[in-house]
Structure formats: structure tokens, C-alpha cells
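Chemist: Residue numbers (the UniProt record's numbering), protein chains in the order written: chain A, 1 to 218; chain B, 1 to 168.
Warning: the hint list may mix true and false statements.
If you want the footprint, here are the derived chain B segments under chain A, 3+ residues with CB under 8 angstroms [to be verified]:
1) 83 to 89
2) 116 to 127
3) 155 to 166
I should point out that these hints are in silico values taken from the structure, not numbers from a laboratory. Computed from a predicted model, the values in this text were never measured in an experiment. Backbone N, C-alpha and C define an ideal beta-carbon position, used for all residues, glycine too.
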Amino acid sequence: MLIMFLLLLVGSVSFVIFYLMHRTIHFFVFQRGHPAVHRDFGTRPQKVMVILGSGGHTAEALCLLERMDPEKYDPVVFVLAETDTTSEAKVRATNRKSLTEIKLLKIPRSREVRQSWLSTAWTTFYAIIYAFPVVYREKPNMILCNGPGTCIPVCLVAWFFTVIGYHRSILTFVESICRVKSLSLSGKILYFIADIFFVQYEGLSKKYPRSVFLGRLV
Amino acid sequence: MAPENQKTAFATVGTTSFDALVDQLISKDFLQTLHEQDYQRLVIQYGRGITEPQSRIVHGVEVRAYRYKPSIREDLENADLVIGHAGAGSVLETLTLNKRLLVVVNETLMDNHQAELAEEFASQGFLHWTTVSKLPTVFPALDWRNIKKYQPGKPELFAQYIDDFFGI
Chain A
1 MLIMFLLLLV GSVSFVIFYL MHRTIHFFVF QRGHPAVHRD FGTRPQKVMV ILGSGGHTAE
61 ALCLLERMDP EKYDPVVFVL AETDTTSEAK VRATNRKSLT EIKLLKIPRS REVRQSWLST
121 AWTTFYAIIY AFPVVYREKP NMILCNGPGT CIPVCLVAWF FTVIGYHRSI LTFVESICRV
181 KSLSLSGKIL YFIADIFFVQ YEGLSKKYPR SVFLGRLV
Chain B
1 MAPENQKTAF ATVGTTSFDA LVDQLISKDF LQTLHEQDYQ RLVIQYGRGI TEPQSRIVHG
61 VEVRAYRYKP SIREDLENAD LVIGHAGAGS VLETLTLNKR LLVVVNETLM DNHQAELAEE
121 FASQGFLHWT TVSKLPTVFP ALDWRNIKKY QPGKPELFAQ YIDDFFGI
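Please work from the sequences and hints to get the whole structure.
Modeler: Below you can see the structure in the form of C-alpha cells.
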């Protein structure tokens, strides 16, 4: 009886592991950077999730969002850290048209400035748990982020949903304008899973061949 | 802009604290230098700092200070010179308004990649930058004549790329 149970357990665990491996390989080979393969995206307006963050991230993200056609990208929801007190006012002052109702979703911060790496692991885990229901409920077609700490949990969860085939989100990462010579930590992590990865300086684009360089964007 | 002899300097530290800069700005020597450069007002946004500058007039320079405002736009617009930290937000906002910008880099911050932006933009001729310790000597000698007009980035290229990607 016990042996039967153990066999069943080992069997199901390895099935899950192999399935996830298969889906992960599938993502890197067929999905990353290719939106049209599964015809997930019609010509309807795409739902966008923008991740905000103090220290210039919000201003940069809004600058990019303002140029995205409201007829093609709608609705827009915003994710920000619970302790972020400055981003909300900036969102409310944005020039983007057709942003009648502003939806702000708050999750715990995954890393404070100067926080130690060990405790960062714990707070990031905690933030990932909080990000699950947010991404699950919103199901964005595209996530726009430029490197605030909050983008890591959200993007990892969205990537997980893409890999298991539950919901495909296009991850768009725009490395912050302050990053002239090296990528941010968020950038280094998301470089592997982002569908589109922008850098704003030519030197960086040479170091990272997957990146897109169109000059300075903001 | 105000007449030549009534210039306003606006210092901003953003959402963090930068006491070393604020202390330097409200020192008598620096206010004297401002006065010599025909500045009549100094407005300081000092964020989370411990130093709370008092409103007063020193060497003919009127000092005013506050922690935060929902928007510093008005103060930027009224300023003839902006003394800023290296935060991208305030750097871009100031340059977009075509204001003279002196970025003071916080040397005490670990992993201070923000200095990269100031350095890069200074090499492109959009602004001047310095450190807190060098501020008193650098400030009076700054040459603003060869500062170039800021070239804003092109977010429309980003939007175009995303449109093409989605095919919409």
C-alpha cells in the first residue's frame, strides 16, 4: 500500500516536473518574442499592465504609455508598491487620453533601497504570493515595466501563467534611462524572459544581443 | 525668467534625503556665493532629510524650504537654476523645461549608478555635474554658455515598435 502510494507520488511529481520543463522549453523556443504563434492576440485593444515605482520609474513608464494609442491599448491598469506615496499623483496627472477610471493595484515591496540580500529573498517570495491574485484577475495582454523592484514578482507570475499555458502576457521591459553602462538587477533577471527588451544606450545594446535599441526613448 | 539681479535657484533632492547637499546649500559661504552670482532666492525641496532649513534671509538671499509637494513643476518653472540630485525624473523634467541644471551626485550612496546618467548627459553637453565636496569651488566657475539645448527622447519609436509587434 505504502509502496503504491510512493510510486504514485513519484510518478505525479515527475510528470509535473517534466511537463513544466517541456512548457519552459516551448516558451523559449516558440513563444518568447513571438506574439502571433498561437493567435492569442486579435486586433481587439490589448489590455496593458504598467508597473510603477518611485525614483523616476513612474515618470518614464508614463512617458512611454502616453504615446501608446488608446484605441489599440485599453484598458490600462497600474501596479505599484504599497509604500509608494508619489506615483499615484503622477498617474492622475498623466496626459493619456481615455484614462477615465484609474485602477491602481498595490502589492508589497519586494526590495527596499539598501535592504540586505537575504531578507530580499523572503520579501520577494512574499510579494510573489501577493502578485498571483493580481495577475490572475487582471490577465493583461502586455506588461510594461522599466525596472522598479515591484516588477520582478509581477513579471515572474505572469511568466509562470504563460509557461503553463494559462494566460499569455507579453513582457515588455524598457531599461531605465539611468542605466548607461550596466543593466539593473531587474533587467538582468528579466532579460531572459522578456519578449521585448529595450535598452536606451548603444553600448548596452552591444553587450546584450537580444535587446532592442531605438535611441533614447524618454 | 526674472530680471538679471533677481534670480531664483531651486534645489531638489526628490523622494530621498540628501542632507550633505542641503547643509552645503544653506551654509553662509554658499549663500554668499549665490548672492555674488545675483541670486535673490533659494528654494529647497529637502525630502526625507533631517536638516530642516529655516526660512530666512542671509546675505540678501531669501531661503525657503519644504519637504514635498505633489508637483515641483511650478518651482522648476520659476527657477533660473536648478540644483538637483541625479534622479532621472527631476533631471528629465528640468531639461525638458530648458532650465540650467547642476546635478550634485551623492557620493555616499552605494552602487550609485545614477551618477551614470549625469555623467552621460554632461558629456552630451546638456548639464553640469559635481559632487557635494566640490560644489563650493565648482559652482562659481561654471560656464553655462556652451550648454546645449536638450534633445528629448523618442517614445513614439517605442509605441511604433509595440504596434508592429502586436500587428495592430
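Chemist: If you check each hint against the structure, which ones fail?
Modeler: Hint check: nothing fails, all pass.
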